[in-house]
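Enquirer: Chain residues, written in single-letter form:
Protein chains: 2
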Amino acid sequence: MSKKAVVLLSGGLDSATVLAIARSEGYESYCLSLDYHQRHRAELHAAENVAKLLGAAAHRTAQLDLSMFGGSALTDNAIDVPQEPTEGIPVTYVPARNTIMLSLALAWAEVLESRDIFIGVNALDYSGYPDCRGEYVEAFQRMANLATKSAVEGKTITVHAPLIDMTKAEIVTQGTALGVDYASTVSCYQADDHGHACGVCDSCRLRRQGFIAAGLADPTRYADSARNT
Amino acid sequence: MSKKAVVLLSGGLDSATVLAIARSEGYESYCLSLDYHQRHRAELHAAENVAKLLGAAAHRTAQLDLSMFGGSALTDNAIDVPQEPTEGIPVTYVPARNTIMLSLALAWAEVLESRDIFIGVNALDYSGYPDCRGEYVEAFQRMANLATKSAVEGKTITVHAPLIDMTKAEIVTQGTALGVDYASTVSCYQADDHGHACGVCDSCRLRRQGFIAAGLADPTRYADSARNT
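Chains as they are written, first to last, in the numbering used here: chain Z, 1 to 229; chain C, 1 to 229.
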């Protein structure tokens, strides 16, 4: 029987690479996306597409309106997405988002009797988000192994963060080798309805620099306005 | 300025008591309930009512359909709620529910700039649920303090579980002293639409025994069928 894993899939470059890695390691992948009323739906459509392209066993999208709490440029349209790099943790940080997504993955993993969760967090190109650091992932895993019926029965959970110490260039190099079609992924914080990227937000900048550093053509579908920047 | 706390409020006996404790400690209470498509809506109505009665600053109900994962008698109507005590962790356990609820509380706390979360878990009368133990709560707090922007900026979070080592009798005694109207709370796993309790599920049994042990009248509104048991 193949091993089951729950893979958190945002529809962006990092999580698509993680799905390809999980598959290459022999996991049957149950992909989970979160519709948290983010600025655009394009990344959710991308997630669905990526799950199919990379042969996921299943893909589900949980609905949870994080705009009820606000506090982020990604859930509150009154806060603009920065067009330039900023000092400190940026306003695109969504309070507790990774903790919420990992909690949902933990619930599904327990029901599936899976002992493995994959998440595409990255400590180098992480925009300063606290919940993208290795020590955070380790603390979540420790907590998870006290939280569930499966864990107290001895079936411990591993939270895999294979990108944690990789540069964006290393990520796109590995993903390309594993057959990820990055044109199908959407990383932009403010993509348009067709999934075209703005080219100027933090996420677009990091992604573009990754392809340049890797010496790979950037397949990102940019908006017309972005091509002139 | 008063201190703000996020209080997880299910509408049951324990969380109502926790809200009363938080208020008695001077916290301005922001109550959070979770509509996870549990068997009945009565506890959500109870939560709303209890929040008002105990002077909460705000009350919000997050919508998250945990029946998408299944695996519990509380989210899957195909699994019956046991009418007798069972061995081991019962089927009413909802995978990762407390972790999900604490994660949502963490998100709201960060936006509110609150450093305190209250949860009504209890290690004695806990029906064997793994996510009701002190070591679990401590592990969640450790993780939370690596997860958020506030925490990395030095504003650490405390997860308060004031009921953790109390018996049900001690809980109802303290709550009664703090003015909790337990007739407004619903603990039953399968209450009817009017909030009438079945009297036979684990949760009803523990609650009833608590009032008896405390020497207090049981104000629970039971269904007609329960009165004959």
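Since the hints were derived computationally from the structure, they do not count as laboratory data.
Backbone N, C-alpha and C define an ideal beta-carbon position, used for all residues, glycine too.
Any given hint could be a false lead.
[Claimed, not checked] Cβ pair distances, simulated, as ranges:
| id | chain 1 | residue 1 | chain 2 | residue 2 | range |
| --- | --- | --- | --- | --- | --- |
| 1 | Z | L124 | C | D65 | 34 to 44 Å |
| 2 | C | A57 | Z | Q83 | 49 to 59 Å |
| 3 | Z | S2 | C | A57 | 43 to 53 Å |
| 4 | C | I79 | Z | G179 | 33 to 43 Å |
| 5 | C | E153 | Z | H37 | 49 to 59 Å |
| 6 | Z | H194 | C | I79 | 40 to 50 Å |
| 7 | C | T158 | Z | E135 | 12 to 22 Å |
| 8 | Z | H37 | C | G154 | 21 to 31 Å |
| 9 | Z | A183 | C | E113 | 39 to 49 Å |
| 10 | Z | T158 | C | R142 | 34 to 44 Å |
| 11 | C | D80 | Z | T61 | 38 to 48 Å |
| 12 | C | Q209 | Z | S2 | 40 to 50 Å |
| 13 | Z | G154 | C | R142 | 14 to 24 Å |
[To be verified] Among the chain C residues that face chain Z by a calculated CB cut under 10 Å, a handful are:
| id | residue |
| --- | --- |
| 14 | Q63 |
| 15 | V81 |
| 16 | Q83 |
| 17 | E84 |
| 18 | Y93 |
| 19 | A151 |
| 20 | E170 |
| 21 | F211 |
Enquirer: Next step is simple, just say for each hint if it's right about the structure.
Expert: Against the structure, the hints come out as follows:
1. At about 36 Å, the CB distance of L124/Z to D65/C agrees with the hint of 34 to 44 Å.
2. Here the CB-CB span from A57/C to Q83/Z is close to 36 Å, at odds with the stated 49 to 59 Å.
3. S2/Z and A57/C have their C-beta atoms about 50 Å apart, which keeps the hinted 43 to 53 Å range intact.
4. Under the hint 33 to 43 Å, the C-beta atoms of I79/C and G179/Z, about 40 Å apart, fit the expected range.
5. Judged by the Cβ atoms, the range 49 to 59 Å given for E153/C and H37/Z is violated: they are separated by roughly 26 Å.
6. At about 43 Å, the beta-carbon gap between H194/Z and I79/C stays in the expected band of 40 to 50 Å.
7. Between T158/C and E135/Z, the C-beta spacing of about 19 Å keeps the proposed range 12 to 22 Å intact.
8. At roughly 30 Å, the beta-carbon separation of H37/Z and G154/C lies within the given 21 to 31 Å, and the hint holds.
9. About 41 Å separates the C-beta atoms of A183/Z and E113/C, a value consistent with the hinted range of 39 to 49 Å.
10. Distance hint check: the CB atoms of T158/Z and R142/C are about 18 Å apart, inconsistent with the given range 34 to 44 Å.
11. With their beta carbons about 29 Å apart, D80/C and T61/Z fall outside the hinted range of 38 to 48 Å.
12. Roughly 46 Å separates the CB atoms of Q209/C and S2/Z, a value that falls within the hinted 40 to 50 Å.
13. For the hinted restraint 14 to 24 Å between G154/Z and R142/C, the CB-CB distance of approximately 22 Å keeps it satisfied.
14. The beta carbon of Q63/C comes within 7 Å of a beta carbon in chain Z, closer than 10 Å, and the hint placing it at the interface holds.
15. The interface hint given for V81/C is broken, as the beta carbon of that residue sits about 17 Å from the closest beta carbon of chain Z, more than 10 Å.
16. Because the beta carbon of Q83/C sits about 21 Å from the nearest beta carbon in chain Z, more than 10 Å, this interface hint is broken.
17. Against a cut-off of 10 Å between C-beta atoms, the interface hint on E84/C is violated, since the closest Cβ of chain Z lies about 20 Å away.
18. The interface hint given for Y93/C is met, as the beta carbon of that residue sits about 6 Å from the closest beta carbon of chain Z, less than 10 Å.
19. A hinted interface residue such as A151/C counts as satisfied when its beta carbon comes closer than 10 Å to some beta carbon of chain Z; here the least separation is about 7 Å, so the hint holds.
20. Annotation: E170/C was flagged as interfacial toward chain Z, and the flag is violated, the nearest CB pair being 24 Å apart, outside 10 Å.
21. Hint status for F211/C relative to chain Z: violated, with the closest Cβ pair at about 29 Å, above 10 Å.
The structure fails hints 2, 5, 10, 11, 15, 16, 17, 20, 21 (numbered hints given earlier, in ascending order).
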